[in-house]
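Enquirer: Quick note, the sequences are listed as chains A and B, same order. Position 86 of the first sequence, counting from 1, maps to 111 under our numbering, and the rest follow consecutively. Position 84 of the second sequence, counting from 1, maps to 109 under our numbering, and the rest follow consecutively.
For the record, the hints were derived by calculation from the structure and aren't laboratory data. Just so we're clear, the structure is a prediction, and the values are computed from it rather than from any experiment. Accuracy of the hints is not assured; some may be wrong.
Treat identical chains as interchangeable: a pair holds within one or across any two.
[As the list claims (entries may be wrong)] Taking lysine to aspartate or glutamate and the DMTMM-like style, the derived pairs with C-alpha atoms no more than 25 Å apart in a straight line are:
hint	residue 1	residue 2
1	234	114
2	351	254
3	353	327
4	353	50
5	236	254
6	149	175
7	149	196
8	194	167
Number of protein chains: 2
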Amino acid sequence: MGPGPSDVHPRVLQAMATPLVGHLDPEFVTIMNEIQTMLRYVMQTANRLTLPVSGTGSAGMEACVVNLIEPGDSMLVCINGVFGQRMLDVAQRCGARTSTIERPWGQVFDPSEIADAVRRVRPKVVGIVHAETSTGAAQPMEELGRICHEQGALLLMDCVTSLGGVPVKVDEWGVDAAYSGTQKCLSCPPGLAPVSFSERAAEVIRTRKSKVQSWYLDMNMVQRYWADERFYHHTAPISMSYALREALRLICEETLALRWERHLRNHRALKAGLAALGITYATEAGRELPQLNAVNIPPGVDDLSVRRRLLADFGIEIGGGLGQFKGKVWRIGLMGHTSRAENVLVLLAALEQCLGGGGAAVAAANAAYIS
Amino acid sequence: MGPGPSDVHPRVLQAMATPLVGHLDPEFVTIMNEIQTMLRYVMQTANRLTLPVSGTGSAGMEACVVNLIEPGDSMLVCINGVFGQRMLDVAQRCGARTSTIERPWGQVFDPSEIADAVRRVRPKVVGIVHAETSTGAAQPMEELGRICHEQGALLLMDCVTSLGGVPVKVDEWGVDAAYSGTQKCLSCPPGLAPVSFSERAAEVIRTRKSKVQSWYLDMNMVQRYWADERFYHHTAPISMSYALREALRLICEETLALRWERHLRNHRALKAGLAALGITYATEAGRELPQLNAVNIPPGVDDLSVRRRLLADFGIEIGGGLGQFKGKVWRIGLMGHTSRAENVLVLLAALEQCLGGGGAAVAAANAAYIS
Chain A
26 MGPGPSDVHP RVLQAMATPL VGHLDPEFVT IMNEIQTMLR YVMQTANRLT
76 LPVSGTGSAG MEACVVNLIE PGDSMLVCIN GVFGQRMLDV AQRCGARTST
126 IERPWGQVFD PSEIADAVRR VRPKVVGIVH AETSTGAAQP MEELGRICHE
176 QGALLLMDCV TSLGGVPVKV DEWGVDAAYS GTQKCLSCPP GLAPVSFSER
226 AAEVIRTRKS KVQSWYLDMN MVQRYWADER FYHHTAPISM SYALREALRL
276 ICEETLALRW ERHLRNHRAL KAGLAALGIT YATEAGRELP QLNAVNIPPG
326 VDDLSVRRRL LADFGIEIGG GLGQFKGKVW RIGLMGHTSR AENVLVLLAA
376 LEQCLGGGGA AVAAANAAYI S
Chain B
26 MGPGPSDVHP RVLQAMATPL VGHLDPEFVT IMNEIQTMLR YVMQTANRLT
76 LPVSGTGSAG MEACVVNLIE PGDSMLVCIN GVFGQRMLDV AQRCGARTST
126 IERPWGQVFD PSEIADAVRR VRPKVVGIVH AETSTGAAQP MEELGRICHE
176 QGALLLMDCV TSLGGVPVKV DEWGVDAAYS GTQKCLSCPP GLAPVSFSER
226 AAEVIRTRKS KVQSWYLDMN MVQRYWADER FYHHTAPISM SYALREALRL
276 ICEETLALRW ERHLRNHRAL KAGLAALGIT YATEAGRELP QLNAVNIPPG
326 VDDLSVRRRL LADFGIEIGG GLGQFKGKVW RIGLMGHTSR AENVLVLLAA
376 LEQCLGGGGA AVAAANAAYI S
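Take these sequences, add in the hints, and give me the full structure.
Expert: The structure is reproduced here in structure tokens:
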């Protein structure tokens, strides 16, 4: 119940144990096609260039930035937590002229301030995090594509923690490049990073003047392996692909709508229980992510000793704070297969034992489930 | 029986199905330490900075190059196949001033010509492939560390296809940076890239003037997660780490010496059988890799139809040729768990059915096993 990796469904674990085939085997090619089709559904996009990059979510971030940016290109990065900061670092390492706008941790950006900055900076790319894993904040995305496109900019979205847990609508929002990770709300082990590029972004990549600085992440080559051509680039992570296919199948069976609803229901119950313990959110009211509950550690409570006790006595991991939230915030994940009533209830019961409580937290959660 | 991924031992498949823990969980930290200890044995090195990069072998190549090279640094790349060529491309993408020496495909470099080039170019880094997966050639490495160090150069070695199948002696050979992949002779699914850096190389990385151009592969950050500090960088591929630990345990149980001997024994039997079919090697005599048999497709034989029949009728995959060897060469892998007598014998029997043969190939292989 930390910020990821989330629990993995037994069917996904089982899929990983499937014997290997070659990365150009006809059976594997079928699996690749199925993964792409299901990823398009989960990302709500018709983008042809939608595939998993062979690395974790941070490799997905790097893949998006290094493919869109050439040395000297301007990029505007919106920073309100660790992962916006990371995107800035990645952009600088590939020679972008970077500008930033910032928001205090736990808050999100208003579309109007992004519009002002885009008009001022006129960047090639605007980078923003949809679900900030370090702060638990959900950035409204609805207007951002239009804002960027009016000024000729491309919109790059981090949806590592959002994909599969809350609505992610790549096409409807006008997102030009999106990256995610498998170990959050997709409930697959870490190791692959789904990415998707709009036709506009794909054209920018196709017509670059310079080579992409990363050979491994160069979409001009990677996409030839994922297209009918099946041109050898690097060996795909076979077992991880089996796992991702199974995780995506589970999402298709559940449907996105019911999956989002489930994440919300468990979040509301957890929140009610935490409120009964006097625990408040570190995130701006109304922007809390259902799957990543960033809450203030109560005064006088020792961060590490509670987290160690939860792990040792109850087998529960919750996350500590990152960066300026270190020692101040806990991050409670209810992601994918982890988002279940039994997890909410046992965590609240365990917290009552650790912090002192007479059953009010569990009762409040149960009331929320029943209402 | 292609050029990788190789077959995976059932114990490794089983390990992948283990439920996930967090990437900072004390249990996982123990696994990380065990992986590092066993990798040092398998790579025959005492290098502190020895760990698996979170990507496939090509990410390992990129990790080595981008960490050692700063823009404008000189790098000499030895090219006698696809992977030397790839290393040149990677080096150019990170701003190296590159020089090359070349050998026809299937041949290897003489230490004296490398020494001449190093004296002439005075590069910061010399890159060479130990086991060229595209040609099946084994490069002698014994003198190369001394040659490089005498001129102040660092020696970078690709041991993707060699590690775990033939002797790889990082320290004895004076290798400063080495990278491999998990899906060849380690017989683990693809997805991780073991790397190792000498103290000399680690110092070069520590004292860089510019940031490493890849955030994801920046060893200055990655190593802080693998050190006692456990500083969060990116989420480690948990299930793949379980698999690598189990694959390394299998190697430790077998011992490297017996594993190398097994690879050689099965290679000799295969070679005897192929000779009985009139099939010759594309690799310079005496330089054939036991684990990657690159052989000339007999005149008049159709590449694709034989490979398709092997797959459809016998469930056997062998590799086609890459680059200039396409349509001319088959690549028969006997890597790790795939290197077994039953595989050699069934492939020869199947080839006899495809190409015509009266049992001489199988008999020759059996004779080689018995002698």
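Enquirer: The structure should be examined with respect to each hint, and the outcome stated for every one.
Expert: Do the hints match the structure? See the list:
1. 234 / 114: So residue 234 and residue 114 pass the 25 Å test inside a copy (23 Å) and across (16 Å) alike.
2. 351 / 254: between (48 Å within a copy, 15 Å between copies)
3. 353 / 327: within (10 Å within a copy, 67 Å between copies)
4. 353 / 50: between (50 Å within a copy, 20 Å between copies)
5. 236 / 254: So residue 236 and residue 254 pass the 25 Å test inside one copy only (21 Å; across, 36 Å).
6. 149 / 175: Answer is within; shortest intra-copy Cα gap is 12 Å, inter-copy 47 Å.
7. 149 / 196: This pair counts as within: shortest intra-copy Cα distance 19 Å, inter-copy 47 Å.
8. 194 / 167: Within one copy only: 9 Å inside, 56 Å across.
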